[in-house]
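Taken in sequence, the protein lines are chains X and S.
Counting in the numbering used here, the first sequence runs from 1 upward without gaps.
Counting in the numbering used here, the second sequence runs from 451 upward without gaps.
The reader is advised that the hints may include incorrect statements.
Below, in silico cross-link-like pairs of lysine-lysine (DSBU-like), each with a Cα-Cα straight-line distance of 30 Å or less [unchecked claim]: (1) S/Lys605 - X/Lys442; (2) X/Lys245 - X/Lys427; (3) S/Lys507 - X/Lys427; (4) X/Lys178 - X/Lys69; (5) X/Lys105 - S/Lys605; (6) S/Lys678 - X/Lys427.
Incomplete in silico selection of chain X near chain S, CB under 10 Å [unchecked claim]: (7) Asn124; (8) Asn135; (9) Gln139; (10) Asp213; (11) Phe272; (12) Thr444.
Derived by calculation from the structure, the hints in this document are not laboratory data.
All C-beta atoms, glycine included, are put in the ideal place defined by N, C-alpha and C.
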Amino acid sequence: MFKKLMAITVAMVMLATLFAGCGAKEEPMNDTTEKAAAETKNDGAKEEVEQAVAEEITLTYAMPQSQYKDVMRSLIERYQTEFPNVTIDIQAIPDAQFDDLMQTKLNLEEAPDLITTDKRKRSNWGVDKFVVFENEDWQARLIDGVDEYEKGAKDGGELRTLIFQGPALEGGILYNTKMFEKYGLEPPKTMDEFYAVSEVFKADGIIPLYASDKDLWTIQIFAASACAQFMTDEDYELINSNQMKWADVPELADALDTMANLRLNGYTNEDFLAATYDSALGIMAEEKAAMYVMGTWFIADVANANPDVELGYTAIPFMEDVAGAFPGRGGLSIWKGSENVDQAKHFVNWFSQPENFNEFQLSWGFYPAFVDQNLQMPEWQTKVYDDYIASGKISYTITNSNVLPGTIMGEYFSIQQEILVGLVDGKGALEKWDIEYAMQAKNTGVEAFQ
Amino acid sequence: MINTFKKVYPMYFVLPALILYVLFFVVPSATGMMYAFTDWNARDMHNWQFIGIENFKYIFSTPDLLKGLWNTLYFALFTVVFKNVIGLGLALLVNNDSFLGKYYSRGIFFLPNFLNMVVIGVIFISFLHPSGPLNLFLEAIGLGFLAQDWLNNIKFAMTTVATVEVWRKVGYHMIIYLAALKSIPAEYYNVAQIDGANAWHRFRYITIPLISQGLAINVILSIIGGLKVFDQVYVLTNGGPGNSTNVVLTFVGKMFGTGQWGIASAYNFVLTLIIFVLCLGVLYLLDKRGGLEE
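With the rest of the complex left out, here is chain X (with noise of 0.2 Å):
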């Protein structure tokens, strides 16, 4: 008997031991949590909010990893030595892991203070799960009248972003000026001038299109400006009620087969499948392609690599000359749950200061957003400007604010790289792309889909 006690004791006490470490860890959890509650009250007051950065606080602000370049880091490192009690804690995550990661970490509740979103992004991971900025300092400053920065910014009319720029060209194609010059050629503006140009830089052993299809986000760019030359309003509104299909619109089907073309027609690289934005920022910043499929954001990031290229933009050239644009290329958002919204909110409207703004918008080559920036545009991006955005040949993409909400596209981009490895053809990519589109749907709880 006295030694089956003793085994149970002793059981006990090994039982208990393993489990020691598990509550101790508890009291602190309780007092951060009650610390959050408290902090999360003095939301808006901005005399609290200048209080807030007055005490030692670390803040996590996550971005995809493409987007934490020089200007992000000089601006951290100035922030943080304004205000030294204050130090941010980046998380730059891999672009393709990106959305699924800060999804994952949001339903999780472990988010970062600070997390890079846009209107989508927002939508898929649940609005609500950001904070509404109300009467803040910069919102004052807004260019009025920009209707590109409601569409994008606001979920549901309620402001949840500090957005990077006003309207935003999502691609076209960029070309080398001087390369262009030189063989005394003007930027395509039909697909047959196109391969015109491209034939002559072929001739010469140029690379005539760069492509870089490893990243899936690059690949979808091409169709995704060409679909706002041809794709309607009511096109989507019959989509999205399902009364039509994506593979019913013959020109989606068709600007895909032609972005796989010219991959498989000798217009790229030849290693398009292993090659990656960095990789197209060394090629183009070498001058060893003429174009490349991207946003204008990549002509900034050439400039920095190497001050003596210089790329002009043109749109697709599929149908039209309408470039290809989104509402809004990222903004700056505050998780709701985070313990230090105040500190955050001190970060946003510091970020949102002419002198900082101007500095990323010029890296960036983004247009400006507020009244006081009075941002000096290189020419490149005048010019852009003046063809495109001022003259009113822009329209929105498939990517953005037309689907859906809350669809996910990854599944649209990796099809699209099924293309390129001859699995399916543009119209087969679409009726992939339909089932998925539906199966979103439906689990969003869209009547039409149910």
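Assemble chain S onto chain X, guided by the hints.
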């Protein structure tokens, strides 16, 4: 004997380990299986409902799962065969007294097993790049026609990923075979040699039967490892190009990452069933041949 064991080591001593096992393995596994029959998702994570076999209907209605299943089975079969054949070959080599570099070789062959898969991914993405060292080497020795875009050509991508896994794990399986080989008394070989048995006969009738337990362990471990393939694909191709190297667990990862947890659980459930059935079959076969006898 059994009674003495019970007296010296009372069964309550199992309790701590058992509770931990139940709490951290049995309960989560059972819960995961339960979620396979629900619509649990990120959008409404607290209000899930049982939906029967809807998730299974969905995953079997998409051709991608079948492709993922095929890729998983192909990867498992490829790695089981080559890990064991090469692993046994290397074990025989480094067990041979006449091989001078046997001690160094053991360490070198085992080394990749220590490397993190992400590190291996970075190394091999560069090594296998179209203009990387492998293709340059092939061109330098006049075999340029064999050069490929190893990770982006759909004909080769899955085999390339599986080959990297064989390279990584072969040393691990070599060690298990080596331990089994070391347990065979040298006298058996001496006697067989006196009786006129040649090298093949000694290998077939002495080595193979006496390392059967090591063989069983290696086969089971490599089957499970092969079917649970994820990180190798994730870091080398991320399922691409165009979903051509996706495996079941990359679908699970994708579904989990996009908040479709019910469907992700259903994928996992299917994979668990496959692993269970295959392992049961292999164990039965090995047991039938006496491979699991003590």
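Hint check:
The hinted pair formed by S/Lys605 and X/Lys442 fails the criterion: a straight-line CA distance of about 35 Å is larger than 30 Å. Distance check on the hinted pair: X/Lys245 and X/Lys427 sit about 11 Å apart at the alpha-carbon level, within 30 Å; holds. Pair hint S/Lys507 plus X/Lys427 holds up; C-alpha atoms about 25 Å apart against a cutoff of 30 Å. In summary, the hint linking X/Lys178 to X/Lys69 is supported, as the alpha carbons are separated by about 26 Å, within the 30 Å threshold.
Of the pairs offered as hints, the one joining X/Lys105 and S/Lys605 is violated, with about 36 Å between alpha carbons and a cut-off of 30 Å exceeded. Simply put, S/Lys678 and X/Lys427 have alpha-carbon atoms about 34 Å apart, too far for the 30 Å limit, and the pair is violated. This hint holds: X/Asn124 has a C-beta 8 Å from the nearest C-beta of chain S, less than the 10 Å allowed. Taking 10 Å as the C-beta contact cut-off toward chain S, the hint placing X/Asn135 at the interface is violated, the least distance being around 30 Å.
Using the Cβ-Cβ criterion of 10 Å, the hint placing X/Gln139 at the interface with chain S is not satisfied: the shortest such distance is roughly 29 Å. Below 10 Å, beta-carbon pairs count as interface contacts, and X/Asp213 has one with chain S at about 8 Å; its hint therefore holds. About 9 Å separates the beta-carbon of X/Phe272 from the nearest beta-carbon of chain S, less than 10 Å, and the hint is met. The interface hint given for X/Thr444 holds, since its Cβ lies 7 Å from the closest Cβ of chain S, which is under the 10 Å cut-off.
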